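In the order they appear, the protein sequences are chains A and B.
Everything in the first sequence is counted per the numbering used here, starting at 10 for the first residue and increasing by one.
Everything in the second sequence is counted per the numbering used here, starting at 44 for the first residue and increasing by one.
Any given hint might turn out to be false.
Unchecked claim - Quick partial rundown of chain A residues pointing at chain B, CB under 7 Å, derived from the structure: (1) Leu177; (2) Ala183; (3) Asp186; (4) Ser190; (5) Ala193; (6) Gly195; (7) Ser197; (8) Ile199; (9) Met307.
What the hints assert, rightly or not - Pair ranges (Cβ atoms, derived): (10) B:Thr108 with A:Lys200: 23 to 33 Å; (11) B:Leu68 with A:Ala101: 27 to 37 Å; (12) B:Leu68 with A:Ser197: 24 to 34 Å.
Hints listed in this document are in silico derivations from the structure and should not be mistaken for laboratory results.
Source: prediction; values computed, not measured.
Beta carbons are placed, not taken as given, at the ideal position from N, Cα and C, and that holds for glycine.
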Amino acid sequence: MSFPEIIVLVTAILLTITTAATPLLLAAIGELVVERSGVLNLGVEGMIVIGAVVAFVMAQITGNAYLGALFGMAAGCIFSLLFGFLTLTLVANQVATGLALTILGLGISSMIGENYVGQAGAKLEPIAIPLLSSIPLIGPLLFDQNILFYLSIFAVFGVSWFLFKTRLGLQLRAIGDSHGSAHALGISVIKTRYLAVMFGGACAGLAGAQLSLVYTPQWIENMSAGRGWIALALVVFASWRPLRVLAGAYLFGAVTIGQLHAQALGFGIPSQLLSALPYLATIVVLVIISRNKRLTLMNTPASLGQSFVPDR
Amino acid sequence: MTNLETGQDHCLLEVRGITKVFGELRANDAIDLEINSSEIHALLGENGAGKSTLVKMLFGSLEPTSGQILWKGNPVTIASPGQARALGIGMVFQHFSLFEALTVAENIALSMDQNVSIEGIAEQAAVLSREYGLPLDPHAHVADLSVGERQRIEIVRTLLQNPELIILDEPTSVLTPQEADKLFETLEKIRAEGRSVLYISHRLEEVQRICDRATVLRHGKLTGACDPRAETPASLARMMVGSDVKSVSNKGGKISDNILIEANKLSAPARTPFAVELKDIDLTVRAGEIIGIAGVAGNGQSELFDVLSGEETVASADDVRICGSSVGRLGISARRLLGAGFVPEERHGHAAVSSMSLSQNMVLARHRSDADTFLTGGPLKIIRYAAVREASERIIKEMDVRMSGVDPEAESLSGGNLQKYIVGRELDRQPSVLIVNQPTWGVDAGAASRIRQALIDLAESGSAVVVISQDLDEIFEVATSIAVINEGTLSAVEPASQMTLERIGLLMGGIHGEDTDMEASHAH
Numbered sequence: 010m011s012f013p014e015i016i017v018l019v020t021a022i023l024l025t026i027t028t029a030a031t032p033l034l035l036a037a038i039g040e041l042v043v044e045r046s047g048v049l050n051l052g053v054e055g056m057i058v059i060g061a062v063v064a065f066v067m068a069q070i071t072g073n074a075y076l077g078a079l080f081g082m083a084a085g086c087i088f089s090l091l092f093g094f095l096t097l098t099l100v101a102n103q104v105a106t107g108l109a110l111t112i113l114g115l116g117i118s119s120m121i122g123e124n125y126v127g128q129a130g131a132k133l134e135p136i137a138i139p140l141l142s143s144i145p146l147i148g149p150l151l152f153d154q155n156i157l158f159y160l161s162i163f164a165v166f167g168v169s170w171f172l173f174k175t176r177l178g179l180q181l182r183a184i185g186d187s188h189g190s191a192h193a194l195g196i197s198v199i200k201t202r203y204l205a206v207m208f209g210g211a212c213a214g215l216a217g218a219q220l221s222l223v224y225t226p227q228w229i230e231n232m233s234a235g236r237g238w239i240a241l242a243l244v245v246f247a248s249w250r251p252l253r254v255l256a257g258a259y260l261f262g263a264v265t266i267g268q269l270h271a272q273a274l275g276f277g278i279p280s281q282l283l284s285a286l287p288y289l290a291t292i293v294v295l296v297i298i299s300r301n302k303r304l305t306l307m308n309t310p311a312s313l314g315q316s317f318v319p320d321r
Numbered sequence: 044m045t046n047l048e049t050g051q052d053h054c055l056l057e058v059r060g061i062t063k064v065f066g067e068l069r070a071n072d073a074i075d076l077e078i079n080s081s082e083i084h085a086l087l088g089e090n091g092a093g094k095s096t097l098v099k100m101l102f103g104s105l106e107p108t109s110g111q112i113l114w115k116g117n118p119v120t121i122a123s124p125g126q127a128r129a130l131g132i133g134m135v136f137q138h139f140s141l142f143e144a145l146t147v148a149e150n151i152a153l154s155m156d157q158n159v160s161i162e163g164i165a166e167q168a169a170v171l172s173r174e175y176g177l178p179l180d181p182h183a184h185v186a187d188l189s190v191g192e193r194q195r196i197e198i199v200r201t202l203l204q205n206p207e208l209i210i211l212d213e214p215t216s217v218l219t220p221q222e223a224d225k226l227f228e229t230l231e232k233i234r235a236e237g238r239s240v241l242y243i244s245h246r247l248e249e250v251q252r253i254c255d256r257a258t259v260l261r262h263g264k265l266t267g268a269c270d271p272r273a274e275t276p277a278s279l280a281r282m283m284v285g286s287d288v289k290s291v292s293n294k295g296g297k298i299s300d301n302i303l304i305e306a307n308k309l310s311a312p313a314r315t316p317f318a319v320e321l322k323d324i325d326l327t328v329r330a331g332e333i334i335g336i337a338g339v340a341g342n343g344q345s346e347l348f349d350v351l352s353g354e355e356t357v358a359s360a361d362d363v364r365i366c367g368s369s370v371g372r373l374g375i376s377a378r379r380l381l382g383a384g385f386v387p388e389e390r391h392g393h394a395a396v397s398s399m400s401l402s403q404n405m406v407l408a409r410h411r412s413d414a415d416t417f418l419t420g421g422p423l424k425i426i427r428y429a430a431v432r433e434a435s436e437r438i439i440k441e442m443d444v445r446m447s448g449v450d451p452e453a454e455s456l457s458g459g460n461l462q463k464y465i466v467g468r469e470l471d472r473q474p475s476v477l478i479v480n481q482p483t484w485g486v487d488a489g490a491a492s493r494i495r496q497a498l499i500d501l502a503e504s505g506s507a508v509v510v511i512s513q514d515l516d517e518i519f520e521v522a523t524s525i526a527v528i529n530e531g532t533l534s535a536v537e538p539a540s541q542m543t544l545e546r547i548g549l550l551m552g553g554i555h556g557e558d559t560d561m562e563a564s565h566a567h
């Protein structure tokens, strides 16, 4: 193989990695904001799959993949409002409600998408950024991508900036640390949590849109395939820190693609073991980087999963 | 009670007939209160008298059931803490409303106007804290700070809002005497600026020292308004408690040479990042002795209790000895079998299971040490409820535990009565060693004096007792010798008769020599 050929091959492999990592990153960064506000939404899987089906169906109906993605995002957001209403307004148990949301999402999505299974659909095409996209290797990888890739990277830095540099971000972290104290200071706990939950839903919806408009541009039942759970795990193992979520999502994506190639090449390693590798590798690496107990404790939202009822 | 002084034009805050009902309980029943400008006004009352409920309504975190609040003569509804702040009311909470994971500046920023940057606030806070003599590092994480430092944040945060009325809820309960002095200076400075302070306390000396007027509550009702300087501590106590509190008699029994509790160079690493590491603790307690261990909260008291009681074991068995046996590697039940009794700090969830009855709680604590009495032999170890009930009734009678019904759940008892039962449960065994942590925290004065007397009586009968407490009055009342715990290190044990409040205060601040510069100890 000549050098240019190697470059092309490497670029192709790296591109598949970004495609595998983007939905995880989108869903995880949204859930990170939700959990930082002290809410545990286990319904990520359900919101992703709803986002996927709505994005695909609306793209088919309107003939525009961008409109499809927008609808997917809105669907995830609206679906998360159901979770918000149950857990924040009616003070239902967050764990049970989140699980129910996942089951409900999988069911509803199958129903909505029934007539669209297997149809070839519209695709979100890459948008090349002038000049930058012509840089070898980096260009096609980072600057000739679809809009959801750009959004996912932007979301990581945007969320990081929001949480640690803005007042609203500070309030959100304060609510996650101690909702009682935050309420005593006059911060609106419920309102902020609603906004966080909706942001998480919108991100999960976009993650779904990425699956049905970029990853495999068609609708397949249960196409979220457990990514919502991986996103949830990524948030915890990344100690609720945005840049670590980025690292975790890409590591997971890389090992997933790597083990697929290894399976194809047939190294004689049992395929079940290879399939388990991404999960193992991600957990091991994130556990190792979060071994600083003090720092982890500092970043863990102390009121995570607890319902808030102001005593009046 | 009618209000005849409405004509007074300096009245900053007036409360008329405010009432708060929680279910069956009238936590506040038609309370009147008047606070003038440039006044330090005391709100006195025992635990559970309704002080906190009243101030929560003033600060908008609770909604009154009925009654009226007037601010500068105008009726107002205070629906939220934000509204209270907008009026000019600031509050320093008893249970800190701080965020441990955030920095000092971030904590302060959260309660400030939207348009000030966090950096700007850090600067303001540093300047203001120096001005009032409450030094703070704005970039430190709250989790790393001592309780006294945390209180400073609360005060600085409240001052930065420039309130006209500052409410302080039991502010000195977590301070060393020297830190408290500093706080009083700050309060006098605030008064001199024309602002007012509502000072909540059950410590009479403090109130007499700094307050201009006092309002006294008992069982949710107003029992009087007075000038505390014109009263005696006894007359104030009567207003608070409703009857004279029996004082504790401490004859001081004979101390033998028989060492019952021993810790030798006892060290234990911190179990969590926020816990305290115990360093080289030496402690010997002889039969007949009560050692009081003083210290500001969070300096290793619970860690020390855990290693002495066996809740946490230590590396070497010889590090802790009870009644002559090396017990460092033994658990609680094994130590109880040697004749030790333990009363941990938290009543609910630690000393007692809230939802279980008193007698069941007793079996949980004593199922090993009193297996012969409470359990039948054989592999199933069936509980003999007749024997259990008999013992439980004996404890209830002995300690004068007041409750409703026969053998009620632990959670239905008031804090004081449950604590009397828990202490009684241990005393009933006549333990030769008793270790108690904060025995009268949040307990009313009557129950507290009953518990203290019981501890003294136990020591006089020849047991060794360790009392870990933040309440210095309690320590002086019961202890024959005193040591101070500070950042996991225990000072040398000294006879109580030779200890002064000032010396304890210095030890609590971590100063063992003659150096009286308090701040040096905080610069870490």
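Verification of the supplied hints:
Taking 7 Å as the C-beta contact cut-off toward chain B, the hint placing Leu177 (chain A) at the interface is violated, the least distance being around 9 Å. Interface hint at Ala183 (chain A): satisfied, since its Cβ lies 5 Å from the closest Cβ of chain B, which is below the 7 Å cut-off. At its closest, the beta carbon of Asp186 (chain A) sits 4 Å from a beta carbon of chain B; the interface hint therefore holds under the 7 Å criterion. Among the interface hints, the one on Ser190 (chain A) holds; its C-beta lies about 4 Å from the nearest C-beta in chain B, closer than the 7 Å criterion.
At its closest, the beta carbon of Ala193 (chain A) sits 5 Å from a beta carbon of chain B; the interface hint therefore holds under the 7 Å criterion. Residue-level restraint check for Gly195 (chain A) holds (minimum Cβ-Cβ distance to chain B is 3 Å; threshold 7 Å). Nearest Cβ of chain B to the Cβ of Ser197 (chain A): about 9 Å, over the 7 Å cut. The hint is violated. Look at Ile199 (chain A): its Cβ only gets to about 13 Å from chain B, farther than 7 Å, so that hint breaks.
Taking 7 Å as the C-beta contact cut-off toward chain B, the hint placing Met307 (chain A) at the interface holds, the least distance being around 5 Å. The supplied range of 23 to 33 Å is met by Thr108 (chain B) and Lys200 (chain A), whose beta-carbon atoms lie about 26 Å from each other. Restraint check, Leu68 (chain B) to Ala101 (chain A): a C-beta distance of roughly 28 Å satisfies the suggested window 27 to 37 Å. At about 29 Å, the beta-carbon gap between Leu68 (chain B) and Ser197 (chain A) stays in the expected band of 24 to 34 Å.
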